[in-house]
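Per the numbering used here, the sequence shown starts with residue 386, numbered consecutively.
Mixed in with the good hints, there may be bad ones.
With beta-carbon atoms standing in for the labels, derived distance ranges [what the hints assert, rightly or not]:
{"id": "1", "residue 1": "D563", "residue 2": "L451", "range": "29 to 39 Å"}
{"id": "2", "residue 1": "I573", "residue 2": "T604", "range": "44 to 54 Å"}
{"id": "3", "residue 1": "D464", "residue 2": "Q426", "range": "19 to 29 Å"}
{"id": "4", "residue 1": "T544", "residue 2": "D448", "range": "31 to 41 Å"}
{"id": "5", "residue 1": "S568", "residue 2": "Q426", "range": "16 to 26 Å"}
{"id": "6", "residue 1": "E601", "residue 2": "D448", "range": "56 to 66 Å"}
{"id": "7", "residue 1": "N468", "residue 2": "T544", "range": "21 to 31 Å"}
Derived SDA-like pairs (lysine to any residue); straight-line CA-CA distance at most 20 Å [to be verified]:
{"id": "8", "residue 1": "K719", "residue 2": "I732"}
{"id": "9", "residue 1": "K742", "residue 2": "R714"}
{"id": "10", "residue 1": "K491", "residue 2": "R514"}
{"id": "11", "residue 1": "K470", "residue 2": "S527"}
{"id": "12", "residue 1": "K491", "residue 2": "G463"}
{"id": "13", "residue 1": "K728", "residue 2": "L696"}
{"id": "14", "residue 1": "K704", "residue 2": "I726"}
{"id": "15", "residue 1": "K440", "residue 2": "T530"}
{"id": "16", "residue 1": "K742", "residue 2": "R707"}
{"id": "17", "residue 1": "K433", "residue 2": "R518"}
{"id": "18", "residue 1": "K534", "residue 2": "S431"}
To be clear, the hints were calculated from the coordinates, so they are not data collected in a lab. Cβ coordinates follow ideal geometry from the N, Cα and C atoms, glycine included.
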Amino acid sequence: MKNEKWKIEGQTRGNKICRILFCVLSLVFCVFSASAQSTDQSFPTSIKSNEIGGKIAARDVGDPRLTSYFFVFNGTQGDVFLNVKTANFDGDIDVFAAENLRPLTKITVFSDVPQTETGRVIYLRKPERMILRVQGRSPNDSPATFSLKFAGSFAPALTIAGADAPELPQVKTENQSDIQVNSVGTIISVKPKPAPTPSETAKKTEDTAEETKSSEEKTNDEKAAEDLPPANEAEKTSDAATKSVAVVTDSTTENASTATPKKPRRRRAAPTRKSRAAMNGKTSEENVADTKNTAAKKSPAPNALENVRLLILFKDGTKIERQMSEVLRVGVDKSGVLTLITKDGAIARYSILDVEKMTIE
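Using the sequences provided together with the hints, build the complete structure.
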């Protein structure tokens, strides 16, 4: 009897442990399936249980974008019941046929009440693979939550090997700049620049001193190079010094002595006209002819208006005669006044009725 009681108690304890493990595994599976939410329509999240849920984080002020999650599930022939519970959620919940994205149902939810609960029934004539899209946002700074339950002819989706979504790029802290902004471009914080350490400051000071010293040495070298005479002047100076040596002979003595050479001057004497002519290989007559030709070329050309005259004859017999080179302007305005302006600044006005004839010869 005792052995039978121990067997019964052992079986009861084993059943309890199995039930606890099953509940824990189911809870973990549900949490995992709820947290795995895909934002890519090409790689939706597979629904493997009849209940899913999730959260939509609040966006920054001024960001109008909506958050979209995509799920996939199957359905057999018959009615598929869909129950939706939302809180602080503004958006739509849509169901499409996965084959051609044909819309099957649409639920529009508003956050005018704290919590919203609604449902839909989808009738299927044949087994279908369907895509569920949850698209919306939170109207305030609190996250939006949603929970969906399936019943009826609902069937979990099978995971296809190799159909996992690609990993999205991650924004790491080392890739960020010193200025942090939100999704709409508003500056959140500015990272302060680190204060320089004494060793860095001393190193910068040494580098600056070395640069200053090298620049000074370079400037001094340039000045020394400017002070040195050119190579041509040095050769000419040495030639002049060689030519300036003269031999002086005393008439009373037969001993010859050489005079000490004078120090050459660096100032060069301007070459005379004769030396220039000799350098050019021309005689003085040719140079005079060249000078006359140059003077003739430089003389200004005569003004063509000097031979042209302006003659104004009045009815009383008086006349005005001017060279056109002296006239700046002559003309008759609308009121019948003849105006004559000369280059010396004189202005004369006459009535056109008193003029008998005006010619330019």
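We went through each hint and held it up to the structure:
no.: 1; hint: D563 to L451: 29 to 39 Å; in the structure: 31 Å, holds
no.: 2; hint: I573 to T604: 44 to 54 Å; in the structure: 50 Å, holds
no.: 3; hint: D464 to Q426: 19 to 29 Å; in the structure: 26 Å, holds
no.: 4; hint: T544 to D448: 31 to 41 Å; in the structure: 34 Å, holds
no.: 5; hint: S568 to Q426: 16 to 26 Å; in the structure: 22 Å, holds
no.: 6; hint: E601 to D448: 56 to 66 Å; in the structure: 58 Å, holds
no.: 7; hint: N468 to T544: 21 to 31 Å; in the structure: 24 Å, holds
no.: 8; hint: K719 to I732; in the structure: 18 Å, holds
no.: 9; hint: K742 to R714; in the structure: 18 Å, holds
no.: 10; hint: K491 to R514; in the structure: 17 Å, holds
no.: 11; hint: K470 to S527; in the structure: 17 Å, holds
no.: 12; hint: K491 to G463; in the structure: 19 Å, holds
no.: 13; hint: K728 to L696; in the structure: 17 Å, holds
no.: 14; hint: K704 to I726; in the structure: 16 Å, holds
no.: 15; hint: K440 to T530; in the structure: 4 Å, holds
no.: 16; hint: K742 to R707; in the structure: 15 Å, holds
no.: 17; hint: K433 to R518; in the structure: 16 Å, holds
no.: 18; hint: K534 to S431; in the structure: 14 Å, holds
No hint from the list above goes unmet by this structure.
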